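> Sequence:
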Amino acid sequence: MCGIVGYAGENSAASVIIESLKKLEYRGYDSAGISILNNGIDTYKSVGKIVNLEATIPDGTSGNIGIGHTRWATHGRPSTTNAHPHTSGNPCKISVVHNGIIENYMALKEQLTAEGYEFKSETDTEVVAHLLHKHIYGQPDGREVKCELLTGLREALKEIEGSYALAVLCADEQGKLVLARKDSPLVIGLGKGENFAASDVTAFLNYTRDVIFVNDLETAILTPTSVEIFDREGKVCEKRIEKIEWDFEAAEKAGYEHFMLKEIHEQVSAIHNTLAGKVSELEGTIDLKELSMTDEEIRKLSRVQILACGTSWHAGLLGKYLFEQLAGIHCDIDICSEYRYRSPVISDGTIAIAITQSGETADTLAAVREIMSYNCPTLAITNVVGSTITREANSVLYTRAGPEIGVAATKTFSTQLTLLYILAVKFALARGKLSPNYVKGFITGLRKVPGQIQQILNQKEAVKECAENFAHAENYFFLGRHFNYPIALEGALKLKEISYLHAEGFAAGELKHGPIALLEKGTPVVTIATRGQTYDKVLSNIKEVKARDATVIAVADNKDTEIGKYADVVLTIPQTSELLSPLLSVVVLQLLAYYTALARGCSIDKPRNLAKSVTVE
1 MCGIVGYAGE NSAASVIIES LKKLEYRGYD SAGISILNNG IDTYKSVGKI
51 VNLEATIPDG TSGNIGIGHT RWATHGRPST TNAHPHTSGN PCKISVVHNG
101 IIENYMALKE QLTAEGYEFK SETDTEVVAH LLHKHIYGQP DGREVKCELL
151 TGLREALKEI EGSYALAVLC ADEQGKLVLA RKDSPLVIGL GKGENFAASD
201 VTAFLNYTRD VIFVNDLETA ILTPTSVEIF DREGKVCEKR IEKIEWDFEA
251 AEKAGYEHFM LKEIHEQVSA IHNTLAGKVS ELEGTIDLKE LSMTDEEIRK
301 LSRVQILACG TSWHAGLLGK YLFEQLAGIH CDIDICSEYR YRSPVISDGT
351 IAIAITQSGE TADTLAAVRE IMSYNCPTLA ITNVVGSTIT REANSVLYTR
401 AGPEIGVAAT KTFSTQLTLL YILAVKFALA RGKLSPNYVK GFITGLRKVP
451 GQIQQILNQK EAVKECAENF AHAENYFFLG RHFNYPIALE GALKLKEISY
501 LHAEGFAAGE LKHGPIALLE KGTPVVTIAT RGQTYDKVLS NIKEVKARDA
551 TVIAVADNKD TEIGKYADVV LTIPQTSELL SPLLSVVVLQ LLAYYTALAR
601 GCSIDKPRNL AKSVTVE
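Going by the numbering used here, the sequence shown opens with residue 1, and the numbers climb by one from there.
To be clear, the hints were calculated from the coordinates, so they are not data collected in a lab. Errors might be hidden in some of the hints.
What the hints assert, rightly or not - Computed cross-link-like contacts, DSS-like style, restricted to lysine-lysine with a CA-CA straight-line distance of at most 27 Å: (1) K460 / K512; (2) K146 / K109; (3) K537 / K559.
Since this is a predicted model, take the numbers as computed values, not measurements.
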C-alpha cells in the first residue's frame with residue numbers, strides 16, 4: 001500500500017503536500033517524492049521518511065499545483081530511483097504518482113522500450129508515465145501536444161490491466177492535475193480556493209472536511225477553483241459531497257508516545273461509540289438499522305460465510321464461534337487471498353460477512369466480488385465511511401473507532417469483535433435461540449466492557465514490567481482454547497508485527513501434537529486462562545508447559561486465587577462472562593506487544609515491511 005496526495009490551490013503546493021504526506025506515512029515509508037508544476041515540472045525524491053524528502057526541497061520553492069507520494073515497496077526495492085513520482089520526457093513532460101499494481105507492466109515495458117522509451121526504475125508505475133507521454137506526445141522525444149492530458153490518460157488506461165489510483169501532472173497544462181481510480185482508494189477534498197486529492201481523508205483533514213469519494217473507473221480534473229468528475233464514458237457526473245465527522249485531533253498522538261498506545265487507550269470510547277444506538281438492556285433488543293434483512297430473512301439463513309485477512313480474520317474466527325454457539329447457524333471463515341482462487345460451493349441461504357478495517361483491502365474486495373457473482377448477499381464490517389467495500393456490499397456496519405494511524409490494528413479489532421457479538425445475538429434473537437432476558441444480561445455485561453478495559457489500562461505497569469523481563473526472548477508462544485484461541489493468534493501476531501520477535505499462537509489442545517517440541521527452558525508461553533468451560537483443560541496445558549521448564553505468563557480473572565500456583569507471572573483482567581472475556585484479554589496482549597517493542601527499541605507505529613492497509617494483491 002502507498003499514499004498519494006494531490007493539491008491545487010493558492011498556497012505553496014510543496015508545503016501542503018509535505019504536510020499531507022506526513023499524515024499518510026502509515027501507508028508506506030520506504031521512500032517519498034513530490035512533483036510541482038512550476039512552468040515545467042520540478043521533482044524531488046528521497047529514501048526513508050517524509051522528513052528526508054522535506055530536507056531535499058529548496059526553500060522558497062514556488063508552484064501551487066502538485067502531487068506527492070509515500071511508498072511501500074511492491075515492485076522494486078526502496079531507493080530514490082524507484083520512489084514516485086515517475087516522469088517521462090526530456091525535459092520532463094509527465095509526472096505520475098500511483099497506488100496499486102499494473103499487472104501487465106512487463107508487456108507494456110517491452111513495447112515502450114522497443115518504441116524508444118528509456119526506463120530508469122524497477123517499478124511498474126513508470127510504464128504509466130511513458131505510456132501517457134506516448135499518447136499525448138506521440139514519441140519519446142515528441143514536443144508537439146497531440147491531445148489533452150485527460151484524453152491521453154483515458155487512452156492510456158485502456159491498455160493498462162490492474163489496480164490504480166493515479167494523480168498526474170503535464171508540463172503543458174499548468175493549471176490542473178488529473179486523477180483516475182480503479183480498485184484503489186481515492187478521495188477528493190473540497191476547500192475554499194483550493195482542492196485536494198488523497199488515498200485517505202486523513203491527509204487533508206486539517207484543511208477541509210468536505211469530501212467526494214471517487215468510484216472505480218472514474219476520472220477527474222482538479223484546479224484551484226473547480227473539480228470535475230467523469231464516468232467511464234467520459235460524461236460529467238454529479239457527486240454527493242460528504243462531511244467527515246472525525247475530529248482532527250483524533251488523528252494526532254494527544255500526548256501519547258506512540259499512536260498505538262493512544263489507540264489501545266481509545267478502545268474505551270471506541271467500543272462505547274460502536275454500541276451507541278444499537279443495544280437496549282431494558283428491552284433486551286439489538287437494533288441494526290443498517291442490516292438490510294428482516295427477522296424472517298435471518299431465519300431462512302442456513303450458513304454464514306466470513307471473509308477476512310490478518311487481524312480481521314482473527315476477529316472473524318471468534319465470530320464463527322459466536323454465530324454457531326449463540327445463533328445455532330453453521331459458519332465458515334476463509335482467508336480472502338485463498339478464497340477467491342477456490343471454487344466455492346455457495347448454497348441458498350448463505351450470507352457473506354466481509355471484515356476489513358480500511359474497506360480497501362484488495363484480497364477482501366476480490367473475495368467479495370467473487371461471492372457476489374453467486375448472488376450471495378454481503379454484509380461489510382469496516383471502519384472507513386465511503387471506502388470501496390461500503391459501496392459494493394449490500395449492507396454495512398461501521399465500527400466507529402475513528403482514525404487508526406498505528407499500523408498494528410488495536411481499536412479496530414476490538415470494535416470488529418463488538419459488532420460480531422451484537423450481530424450474532426441479533427441472529428440468535430431472530431432465530432429464537434436466545435430469550436430477551438438472556439440478551440438483557442448479555443447487553444449489561446457488554447456495556448461494562450469499556451469500563452473494565454479502563455481498569456486494565458490503569459494497571460498497565462504490571463504488563464510493562466512483564467514485557468521488559470522477556471523482551472529479549474528468542475521465541476514466544478501464545479495458547480488459548482475455545483473463545484480465546486483467536487485471541488492467542490491475535491496476541492502472537494501483534495508481538496510479531498511490532499517487536500519482530502518470533503511468536504506463534506496455538507489452540508492449547510494442539511500443543512502436544514507437535515509444537516511442544518519447541519519448548520525449552522525459559523521460553524515464555526502466554527496462556528489465556530480465564531474462567532470458563534475449558535479452564536481445567538487450560539490448567540492441564542500449563543502443567544505440560546511447566547514440565548518442559550518453559551515460563552508461563554497467564555492472563556486470568558482477577559478473582560482467580562488458584563492460577564498463581566501454576567503460572568510464573570499472572571496478568572489479570574476484571575471478572576466477566578466467559579463469552580465476553582476475549583474483549584478484555586486482547587487488551588493485555590496488545591499492551592504486552594507494545595511494551596515489548598518499546599523495550600526492544602522498535603519502530604512501533606511504522607513496523608518494517610508493513611503497511612496499514614494492503615491494497616494490492
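> Hinted pair, alpha-carbon criterion (27 Å max): K537, K559. Please report holds or violated.
holds, 19 Å
> Keeping to a limit of 27 Å between CA atoms, is the pair of K146 and K109 held or broken?
Between K146 and K109 the Cα gap is close to 22 Å, so the pair holds against 27 Å.
> Need the status of pair K460, K512: alpha-carbon distance at most 27 Å?
Violated - the C-alpha atoms of K512 and K460 are around 32 Å apart, more than 27 Å.
Going through the hint list in order, the structure does not satisfy hint 1, though it satisfies all others.
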